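Undergrad: Listed below are the residues making up each chain.
Protein chains: 2
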Amino acid sequence: MDVDYVISYRFANTGKATAIARFEKLVEALASVGLQTEARNGDRHSVLLFVRVASDEHLFGEVYRSRVRDWIHGVRAAAPPKETREALEAEPLYEAERLRIIYQLITNPVSEGGAGITPKEGEWESVESIFALHDHAYNKDWIKKWTSSYFLKTEDLDDIRNRLGEKIAFYFAFTQSYFTFLIFPAAFGATAWLLLGHFSPIYGIINALWCTVFTEWWKHQEVDLAVRWGVRGVSNIEHRKKDFRHEKLITDPVTGEKVGMFPGTKRLQRQLLQVPFALGAAIMLGGLIATCFGIEVFISEVYDGPLKWLLVFIPTGILTTVMPILTGILTKFATQLTQYENYETHGTYEKALTQKIFVLNFITSYLGIFLTAFVYVPFGNIIVPYLDVFSLTVRPFAENEKQLQGAKPGWTINPDRLRKQVIYFTVTAQIVNLGMELVVPYLKRRGFSKYKEMQSERAAKNGGVPPSPATNDAPEDAAFLKRVRQEAELDVYDVTTDLREMVLQFGYLSLFSVVWPLTAVSFLVNDWVELRADAIKICVEMQRPTPWRADTIGPWLDSLGFLTWMGSLTTSALVYLFSNDGLGPDGHPSSIKCWALLLSMMLSEHAFFLVRYGVEMAISKLDSPGLQKERRERFLIRKQYFEENLSQLQKMPKMSAGAGGSITRESLEEDARRGSMNESTPETRFWSRQQGWKETVAVGKELIERGEMEKSPERKKEL
Amino acid sequence: MDVDYVISYRFANTGKATAIARFEKLVEALASVGLQTEARNGDRHSVLLFVRVASDEHLFGEVYRSRVRDWIHGVRAAAPPKETREALEAEPLYEAERLRIIYQLITNPVSEGGAGITPKEGEWESVESIFALHDHAYNKDWIKKWTSSYFLKTEDLDDIRNRLGEKIAFYFAFTQSYFTFLIFPAAFGATAWLLLGHFSPIYGIINALWCTVFTEWWKHQEVDLAVRWGVRGVSNIEHRKKDFRHEKLITDPVTGEKVGMFPGTKRLQRQLLQVPFALGAAIMLGGLIATCFGIEVFISEVYDGPLKWLLVFIPTGILTTVMPILTGILTKFATQLTQYENYETHGTYEKALTQKIFVLNFITSYLGIFLTAFVYVPFGNIIVPYLDVFSLTVRPFAENEKQLQGAKPGWTINPDRLRKQVIYFTVTAQIVNLGMELVVPYLKRRGFSKYKEMQSERAAKNGGVPPSPATNDAPEDAAFLKRVRQEAELDVYDVTTDLREMVLQFGYLSLFSVVWPLTAVSFLVNDWVELRADAIKICVEMQRPTPWRADTIGPWLDSLGFLTWMGSLTTSALVYLFSNDGLGPDGHPSSIKCWALLLSMMLSEHAFFLVRYGVEMAISKLDSPGLQKERRERFLIRKQYFEENLSQLQKMPKMSAGAGGSITRESLEEDARRGSMNESTPETRFWSRQQGWKETVAVGKELIERGEMEKSPERKKEL
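Protein chains in written order, with UniProt numbering: chain Z, 1 to 719; chain X, 1 to 719.
Please keep in mind that the hints were generated in silico from the structure rather than gathered at the bench. Values in this document were obtained by computation on a predicted structure and should not be read as measured data. Glycine included, C-beta positions come from ideal geometry on N, C-alpha and C.
As a list, the in silico BS3-like pairs of lysine-lysine whose alpha-carbon atoms are at most 25 Å apart:
1) Z/LYS120 / X/LYS701
2) X/LYS258 / Z/LYS639
3) Z/LYS639 / X/LYS241
4) Z/LYS701 / X/LYS120
5) X/LYS639 / Z/LYS258
6) Z/LYS258 / X/LYS621
7) X/LYS621 / Z/LYS266
8) Z/LYS258 / Z/LYS242
9) Z/LYS621 / X/LYS242
10) Z/LYS629 / X/LYS248
11) Z/LYS482 / X/LYS701
12) Z/LYS25 / X/LYS701
13) X/LYS16 / Z/LYS701
14) X/LYS621 / Z/LYS351
15) Z/LYS241 / X/LYS621
16) X/LYS482 / Z/LYS701
17) Z/LYS248 / X/LYS629
18) Z/LYS621 / X/LYS351
19) X/LYS258 / Z/LYS621
20) Z/LYS444 / Z/LYS332
21) Z/LYS241 / X/LYS639
22) X/LYS241 / Z/LYS621
23) X/LYS219 / Z/LYS351
24) Z/LYS701 / X/LYS25
25) Z/LYS593 / X/LYS593
Residues on chain X that point at chain Z, a partial pick, calculated with CB under 7 Å:
26) VAL27
27) THR255
28) CYS594
29) LEU599
30) GLN628
31) ARG631
32) VAL697
Using the sequences plus the hints, can you model the full thing?
TA: Below, the structure is given as structure tokens:
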């Protein structure tokens, strides 16, 4: 229908007069930046406002402005041609660029030439969402193509970039790279599983090397893709946050304008709150995990009463109910904390938030395995007897006290627990996760539409008119409007959630895969499905995402590096601890040589630093089409400038050869005398002795000849 | 005398005809790029060729070309104005820039617009040196000013930059920063020495922190200075090495030109030779140091015969004679190895060479102390009895076998040895070094002139004419020419030697100052003198250096970082080993808890990583005049471009407000019917329902009103 964006305007919570006044303001603001609008009835208590650019001229201006800004920030090598239509013919808009520019036109502040509409904020709080419409034909093709091919080509990623923008394309590119890279550890892991067994140092080394190569290679690949997509450097374009609150106004020494400023020391003080936050989160989440862990060990290994098969699931039950709630609270708290830190730009805000979220995820994802590997296995025999405290949880079910008593004599730790746990996290949890991602939104959607159906039925029973919005639709638009109303209800896609999932998955591989070398095989299968499932999710269960630009996967890259480094420590520690044929310590810490453990970790870490440096070096030497393209562009521009600027320089006249006549002592003296007669300075006299280069040569010749004579008085005599 | 450069042309080793032909070619080449020349008699068998730029126009062209190149490489924010004379008036040449441009005019290849003269290479092997003349008046002022002030101001550094170029200015700026930073550890060290004693963990932590802050701060300062001097980014301008040998010609995918190429894999293979080289150097130098160390321990602690006071100096004697020879050979070898690695640009070559030199220097400077601290002190009682092998060295002097026998019963290691050694390296060696730097060249110069005097005396005795070159001088030039002949004989100043000295000094502070906290006091005094001595050295004992540009102290920065990191390891190890009131282990390794040593090192190292990250963050937040200046320049240019480009964009017409008449269901339907009668598409019909934004508002208003009615049927009933 040629609609660029749909704005869902919901007036349920505002008074009628305000709602109308604001709606008028909204439409006027849109019109003022050259957007054409059509209002249609939305779902209950909302108006759907269809927006499109009134004419190409309006859009071209914006595109040109955006491209000039890019060029000035170094994203584009050359300034776009001044004739706008020409510029667009030379480099046509792709869909994502068009949608991004229109979105910015709607949301940018008025001072920057936009309409200044900020959904859900301030005076625009009734603006529920601004979304583009799905292209169903394309979506169908996309999913069909992907589900019928094993590997994605760069062209497939280009396609995503053209449709959904670089930020989402980067997620798919990353996952695809990761998937491709997984083939090696999957093959090697399977071999190692068959031939080397668990806790093989060889597997550990190869795996750590692979993780390092992958992380470094992705950094390289990222640059290549950014150049390919013409977005290299966009992360340097700062987008100021609208809710940044300044402390005082200062005159910017750079621009000379009055700008709001928030003192860095004050922000640092606020940032220091992260330390208690991280500690608090670690204690809360860690306490929960440790408690559940303790209960689970107690029930599975100490308790000996009835219903054991069922009671074992108590801790899992606690975890699956309490954990999401706790994580949710902590995430919200992290968001508030980050907002309180009051960042000026979106980039810094995102980074600070991601760091906090990563800490939370690190604890929830890996702490359980850490406890098993580095507490239960080495110290099990010391700790387990104290787990009696958890007997409370199963006391009602026990038949006698004996069933609740601590570890029996001769009890030993269960060395298989670690492996089972790793398998749980790398197989079961991944599958559950994938299922949740697809099924939960579907159920939510179904439930919601069921609820609405029931509501309208009730309304019909009450005798009111069925408030279906469709009744007023023009018949020929009905199908279209129905679709739009459906899309308006969908969730907004957040690519960082998916990215985080991949990074955390990579963490299992880097940190613990030495426990169970088949990890990579499981991930390989999972990620093939994941890539397709994400595509389906975007097409079916989410509103069409606003296409943002990006030139990197952002702060998650640091997380990757951190996990790789951490992997060098855990892998070596695990290999050392379980070096006795994978049996590991027997729960008595006395059997562990502390210095050997520390030494192996230290060696491994430093080997890692060295290898990382080497890999970095080697990869930085690699050339890639993207880098070549960039260099070529810059070269051509440089050449052009050089030619433009230097062609005007006049050719320098050559030095005169001088009289070239025979120069004798006398003539030189003559020159000198002549020079000294004029009122010349010593400098002019010095420089006027030899006129033209031929005279210099002649004098030099004489000097050399004289020198040669002195050099060989003997030879001369011989002659 | 208004001379820009002097070329010393020595024809001692070439035949007369060749010498003359080449001289002619030289003068012609110089003339072809607009340089005026004057030949004068040089010292025995040399011609002094005085060079100056023939006219300002010739120079301006070159300056303009250089500035355009800078701009294209991002060193300058804006393109220089096209009118050259205007550009030079807006931004006058400073002396170093002038000299650099003329030097490049002389030495650049013909293809790049230079005369292509390469001293001592190929057909120009007779060109002994190309040097500018000292400005004696300025030099005198400079030394006078420096020797009479305690601190150097940034303006003093600016002055050096204007005279001697940025590369040398960076050395002085670095040393000055280092000197200023030393005040704190000197004061704190003195306090610690009085109150905390040796091996204080508090001193160790503060010192490591200081080293980190200094290293990171210098990185920041470097950028600031580079911006101040307008050279930020010059290290990105690649200077191709002339002796780069390509393997094959490929078509450059970027420029489309045929270029020589040397495969990276082959270079990597050659670079791998560094490993045996480093090992070999370590074994040779390490062997020498260990042997001398063993002999010294044997003589001073085991030997008990006559002449002990004298024999103790044997190892020092060996070291001071053999070490420089060995280092010289290894340095030469390192240079050849680096040449063999066949780098394309000067930058990569310098970096590779510096790394090798640093390895050599690291061994020669620190290995002795490492041996004492980590071999002699912990393992002394085990090793010393085996030192009998060194009895050979003093056997001739011993009176009986007993004097040569191994450690007596009850012998213990000398715990003071480590401190004495550190004091030797940080005080005695520094003073000796400083003396050598000033005295050796002086003696060399005196000896050389003495030799020449004797030679001419002999020549006079033999009845030949005294071959004094001065005899043919014009009387008024005589004094000037005498001075030039003297300067032609001076050494060429190499700033990296001085820089290396400072970095190695920093190493003692970072690695070992916990042994003797007064280290920084000694360095503070030493560096005050060093800064002045270097200035004198440049003015008196060296030819005026060619002013090169630089925006960093280059690869030495990495060395600083490495030494700081290493310091976190050695300091913690030393503090742990000597934690028993500074007595340290008693030579029996059994008293060392290996795990505690490793743990303290590991903790210290990771604390260092954390602190470094924090300091990096904090310093990156600092603003500086240089960075501000850069941002201001870029902002102004950006603003200008924006205004230039966007002013041409036509103002967008606002959306028409539309008819604005009353819109009823009927009128809308009417519109729709009218639309459908034409052969319009669904799209045009969809978008033509509401003409102008006022109509949209009206429709929206109606929808909202209807919605509000539905929302509150109860309320309505109540009314």
